[in-house]
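Engineer: Protein chains in written order, with the working numbering: chain A, 584 to 921; chain W, 28 to 796.
Hints may contain errors.
[Claimed, not checked] Only part of the chain W face toward chain A is listed, based on derived beta-carbon distances under 8 Å:
| no. | residue |
| --- | --- |
| 1 | Gln311 |
| 2 | Thr725 |
| 3 | Ala727 |
Just so you know, these hints were derived from the structure itself, not from any lab. As the structure is a prediction and not an experimental result, all values here were calculated from the model. Here a beta-carbon is modelled for each residue, glycine too, at the ideal position from N, C-alpha and C.
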Amino acid sequence: MMRLPPFTYLAPRTLHAAATALAEHGADAMPVAGGTDLFPNMKRRQFEPKVLVGLRGIRELTGIRGRGREGMTLGAGTTLSAVAAHPEIVAHYGALATAAGLVSSPQLRNMGTLGGNVCVDTRCNYYNQSHEWRKAIGFCMKKDGDICLVAPGSSRCWAVSSSDTAPVLWSLGARVRLVGASGERVVPLEALYRDDGIQYLTKQPGELVADIVLPPADGWTSAYLKLRRRGSFDFPVLGVAVALRMDGDRVGEARIVLGAVASQPRPAPDAAAALAGERLTPELITRVADLAAGPSKPLDNTDFTHPYRKKMTRVFVARALRALAGLPGGGRAAEEVA
Amino acid sequence: MAEAVVLHPSLRLVGRPLPRHDARDKVAAATAYAADWGMPGMLQATVLRSPYASARIVKLDTGRAAAMPGVAAVLTAKDVPRNTLATDVPGQTTAVGPLRATLHVLATERVRHQGEPVALVAAETLEQARAAAEAIEVQYEPLPGVFDPEAALAPGAPRVHEAGNLLAHWRIARGDSAAAFARAAVIVEGEYTTQFVDAAYLEPESGVAWIDSDGVITIRVSTQVIEHFRDVAEVLQIPQNRVRVIGPYLGGGFGGKEDVTVEVYLGLLALRTGRPVKMVWTRQESLLARAKRHPYRMRYRTGASASGEIVAEQIDLLADAGAYAYLSALVLLYSTVTAAGPYRVPAVEVEARCAYTNNPPTSAMRGFGAMQTVFAYESQMDRIGRALGLDPVEIRRMNALRRGDSLPVGQVLETHVAMPELAERVWAALGPVRPARAAHVKVGRGLACNLQPYGRIVWLHDWSSAWVGFEMDGSLVVRCGVPDVGGGQASSLCQIAAEVLGVGLEQVSVHIGDSALTPLAGTTTASRQLYMSGNAVLKAARELRAQLLAVAAPMLGVKDSALDLLEGAVVADGGRSLPVPDVLRRCAREGVPRSHLAVYHAPAGEPVDLATGSGKVFPDYTFGAHAAEVEIDMETGAVRLVKYVAAHDVGRAINPQSVEGQIQGGAVQGLGGGLLEEVILEEGINLTTSFASYLIPTAADVPDVEALVVESGEGLGPFNARGIGEPPIGPPAAAVANAIADATGVRLTRLPLTPERLARALGLLGKAG
Numbered sequence: 584m585m586r587l588p589p590f591t592y593l594a595p596r597t598l599h600a601a602a603t604a605l606a607e608h609g610a611d612a613m614p615v616a617g618g619t620d621l622f623p624n625m626k627r628r629q630f631e632p633k634v635l636v637g638l639r640g641i642r643e644l645t646g647i648r649g650r651g652r653e654g655m656t657l658g659a660g661t662t663l664s665a666v667a668a669h670p671e672i673v674a675h676y677g678a679l680a681t682a683a684g685l686v687s688s689p690q691l692r693n694m695g696t697l698g699g700n701v702c703v704d705t706r707c708n709y710y711n712q713s714h715e716w717r718k719a720i721g722f723c724m725k726k727d728g729d730i731c732l733v734a735p736g737s738s739r740c741w742a743v744s745s746s747d748t749a750p751v752l753w754s755l756g757a758r759v760r761l762v763g764a765s766g767e768r769v770v771p772l773e774a775l776y777r778d779d780g781i782q783y784l785t786k787q788p789g790e791l792v793a794d795i796v797l798p799p800a801d802g803w804t805s806a807y808l809k810l811r812r813r814g815s816f817d818f819p820v821l822g823v824a825v826a827l828r829m830d831g832d833r834v835g836e837a838r839i840v841l842g843a844v845a846s847q848p849r850p851a852p853d854a855a856a857a858l859a860g861e862r863l864t865p866e867l868i869t870r871v872a873d874l875a876a877g878p879s880k881p882l883d884n885t886d887f888t889h890p891y892r893k894k895m896t897r898v899f900v901a902r903a904l905r906a907l908a909g910l911p912g913g914g915r916a917a918e919e920v921a
Numbered sequence: 028m029a030e031a032v033v034l035h036p037s038l039r040l041v042g043r044p045l046p047r048h049d050a051r052d053k054v055a056a057a058t059a060y061a062a063d064w065g066m067p068g069m070l071q072a073t074v075l076r077s078p079y080a081s082a083r084i085v086k087l088d089t090g091r092a093a094a095m096p097g098v099a100a101v102l103t104a105k106d107v108p109r110n111t112l113a114t115d116v117p118g119q120t121t122a123v124g125p126l127r128a129t130l131h132v133l134a135t136e137r138v139r140h141q142g143e144p145v146a147l148v149a150a151e152t153l154e155q156a157r158a159a160a161e162a163i164e165v166q167y168e169p170l171p172g173v174f175d176p177e178a179a180l181a182p183g184a185p186r187v188h189e190a191g192n193l194l195a196h197w198r199i200a201r202g203d204s205a206a207a208f209a210r211a212a213v214i215v216e217g218e219y220t221t222q223f224v225d226a227a228y229l230e231p232e233s234g235v236a237w238i239d240s241d242g243v244i245t246i247r248v249s250t251q252v253i254e255h256f257r258d259v260a261e262v263l264q265i266p267q268n269r270v271r272v273i274g275p276y277l278g279g280g281f282g283g284k285e286d287v288t289v290e291v292y293l294g295l296l297a298l299r300t301g302r303p304v305k306m307v308w309t310r311q312e313s314l315l316a317r318a319k320r321h322p323y324r325m326r327y328r329t330g331a332s333a334s335g336e337i338v339a340e341q342i343d344l345l346a347d348a349g350a351y352a353y354l355s356a357l358v359l360l361y362s363t364v365t366a367a368g369p370y371r372v373p374a375v376e377v378e379a380r381c382a383y384t385n386n387p388p389t390s391a392m393r394g395f396g397a398m399q400t401v402f403a404y405e406s407q408m409d410r411i412g413r414a415l416g417l418d419p420v421e422i423r424r425m426n427a428l429r430r431g432d433s434l435p436v437g438q439v440l441e442t443h444v445a446m447p448e449l450a451e452r453v454w455a456a457l458g459p460v461r462p463a464r465a466a467h468v469k470v471g472r473g474l475a476c477n478l479q480p481y482g483r484i485v486w487l488h489d490w491s492s493a494w495v496g497f498e499m500d501g502s503l504v505v506r507c508g509v510p511d512v513g514g515g516q517a518s519s520l521c522q523i524a525a526e527v528l529g530v531g532l533e534q535v536s537v538h539i540g541d542s543a544l545t546p547l548a549g550t551t552t553a554s555r556q557l558y559m560s561g562n563a564v565l566k567a568a569r570e571l572r573a574q575l576l577a578v579a580a581p582m583l584g585v586k587d588s589a590l591d592l593l594e595g596a597v598v599a600d601g602g603r604s605l606p607v608p609d610v611l612r613r614c615a616r617e618g619v620p621r622s623h624l625a626v627y628h629a630p631a632g633e634p635v636d637l638a639t640g641s642g643k644v645f646p647d648y649t650f651g652a653h654a655a656e657v658e659i660d661m662e663t664g665a666v667r668l669v670k671y672v673a674a675h676d677v678g679r680a681i682n683p684q685s686v687e688g689q690i691q692g693g694a695v696q697g698l699g700g701g702l703l704e705e706v707i708l709e710e711g712i713n714l715t716t717s718f719a720s721y722l723i724p725t726a727a728d729v730p731d732v733e734a735l736v737v738e739s740g741e742g743l744g745p746f747n748a749r750g751i752g753e754p755p756i757g758p759p760a761a762a763v764a765n766a767i768a769d770a771t772g773v774r775l776t777r778l779p780l781t782p783e784r785l786a787r788a789l790g791l792l793g794k795a796g
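Using the sequences plus the hints, can you model the full thing?
Structural biologist: This is the structure in structure tokens:
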């Protein structure tokens, strides 16, 4: 088996201590929660931190508080299994429970955390490889190299956002509480991301995601559909998150956010706007699905080619809307696997 | 319908689904696999591999690496006494000549595929070994490569080996196919493509070597072939009796451990350092550079009469042999012989070639060339049936081989051919058709049959030997050099010996897989081990029984024909009995051996000229039929398997539980290759070197496989058993492709059958094709 490189492990008991340790060690340090993505990446030398700041001993990072009616606060250290099974989340933020329950395998969901999935590293066929392999092809700019092997003329990295929960949280209007050594701030979840495969998070290196804050769920329903080749477990190569607030028989407000088609979750505002004030007819759904596929511009650096992923964006958006409208032909997330 | 021949009603163990001794050990983590071994003072070893698919080694300097802390040895090709082993395959129809490099130990002036071993390091710790391997200075000059067999055979293609890129070429020409095609009412043409597939066993290649106190180099290694002690000796240039290979229970082989893996490297390093050495390949190494299943390009032209009889077939096969020969020529032979499937085809032409490329080597994998062809011939069969309005069972019933028919190579089928009854049974077992559960879903069903040889090619003069003996207390010992890859090889031998010698299964100890201490049994490959070693054990046990009864007869005052062995006693007709230990003591006094060593020789023959169809190639064949029901998502191309039934005529199931396991495991592995698995290469660079990108099915991805164990009572193995290790991997891809065609009217001809390919074929992505 591949082995972990040597590192120092710190086990702070408070968020403040963790943030302080991260600030103190700077670029040499990384936080680790469940470690389900970080440790394999370290074995492949995609990450080479000298210091790991373990978050598992920090009680203030765990726990699910609040109710759907008034909004909820989810500790970033809450496991994905706990998120997927929580009755209040299942009842009021259905897409989040679905997405958390579709990350990887049951074993990894028992270890992996919501915060970890929100911050999960971007992925690429040419990057998620062993050190020897990457060395053989001369490395890429995301780690150890200078060029992008997907788009050799490009000055940026095109690695793909591969979080299941991030597009859903975005569509739900979630905010995140970030804690650093010198203070804390609460920002909309979408402000956490930027469309760059390397610098895909905007948070400062010393900052930690402490909580995910969900707004009151009053009147909102949501759905998440996931495309991947193997049904049992796999990263998404397309995620479709749709949240709707109905106003009588018309859509009051809608948000559509796509996962795994760019280096960050990608909203589809035109499609969402086209829904507002309208009845969810099959004709409208078709039009909205076409609009939603616009922002879906995947590159060929994951499983499946981009024409297929783009086409599936249309199909999945339509299915999610049909499911939320109670029309036939709606998708069930567990079956949106190919 | 094949009716099972009734066995002797007194059989106590054979034919019963008994729990295997090794299953409990494995579940309890008591099995010591090759990598579980450790010894005092043991070094850890690693392989430095080529980053390039095709390059010249300009400079190779191990000086800095050798001086690093903890390093005990750094070896390159110049340290290998004999770096290349080659063999010839008799019977090739063209003058391709001897095969180049069935085993190439370390790269010399050239590397021919990514991941090719270049140097070895042994050090006190694995970290030190890896650090030293990274410190070896290798300068490569990249060379043009060739990555497709068609391109490799084109004039002017870069040569993978000096003598040219054509590795092997087989031909069959039976009957007048031109005349037959002229009479055909319908002709179906198709081109089918299969992909590189990995064996993906749970247990990667691993082993430990040491020089024992008697000076013998002893290698405890995960292998399907303990006889590789001979190859190690040849590479090390020492006598064959100075190398011993111990083969512990394997965590899967599937043909991937049929060729030499770590054992030669371990032998070299143990000999150089004088210390125990361990080598365990990482999953990434195994996926990167280990031999894969051959991708095939198969062109079929099939002609049938208006009533549905196949009258002629023209078949052109081209396989990618990768960078070294390994077993490619033999794999291709299997494809050639089975290319027309389990059907009567009066006029057949087969042209089969395989070519060197700068892709990873390809070699044995479960099915061994007889499985890629199933995808082609069963797709063709389905298309002909559809063209003539015949249902899948009917078209196969009309054309099925029967006993006494001959294959295109001229081999006459001498045992029961369970066609078409297997097809009828699996088709019926699918039950009533269920309606589609949604408007965008279509349901379809597919059928696929196959034949797979069991036992090695007859001109290899195959044999196996086994020793069976009683201890003085009446307990029984079986010694047989079989590697147990997980199919129940060892426990089936126990069942046979215990049956014949009248003891309980718990009274048998079995020693397997040791080239020094167990009689050699040959490879656990070619679905041959139950057939060959089962017969050897049966023969030894029967001889031993006769020896014992001959001694017991005068003790009981009866003729030995009136005696039986039951529950640890010799029993006479009248109910009188003697405990076996009493008889054993008498044997000792009289100088009668309490054991027997038997050798079983398979029916042998000389190489045949395939082209003129002159005779027997394999001892016998196992037939099978699989049926699949699928749901197709017409908006995404997703294929969901709803129901799967697999039937094989196994002649006689020694242990039905093990047989079901083989059928279910083979079917699931075949479904993996049919739907998911693909080694993706870009100019020889392997993109799928972890299980995050090389996708194999999990238990959650496949339906329960309903295994129908059919017993015709005819087969060449013990108690008329047939081989069942490989056959179940053949039909799944074709069964699913035929089900997709049934549901959608669209035929996929390229494996794996991905949703994207189906979506494209359905026209969902704009243009069909």
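Engineer: With 8 Å as the cut and Cβ atoms as the points, is Ala727/W at the interface with chain A?
Structural biologist: Status holds, d = 4 Å.
Engineer: Does Gln311/W hold up as a contact with chain A if the rule is Cβ-Cβ below 8 Å?
Structural biologist: Interface hint status for Gln311/W: holds (5 Å vs cutoff 8 Å).
Engineer: Measuring from the C-beta of Thr725/W to each C-beta in chain A, is the shortest one below 8 Å?
Structural biologist: Because about 4 Å separates Thr725/W from the closest Cβ in chain A, which is inside the 8 Å limit, the hint holds.
Figure legend: structure checked against the earlier numbered hints; every hint is met.
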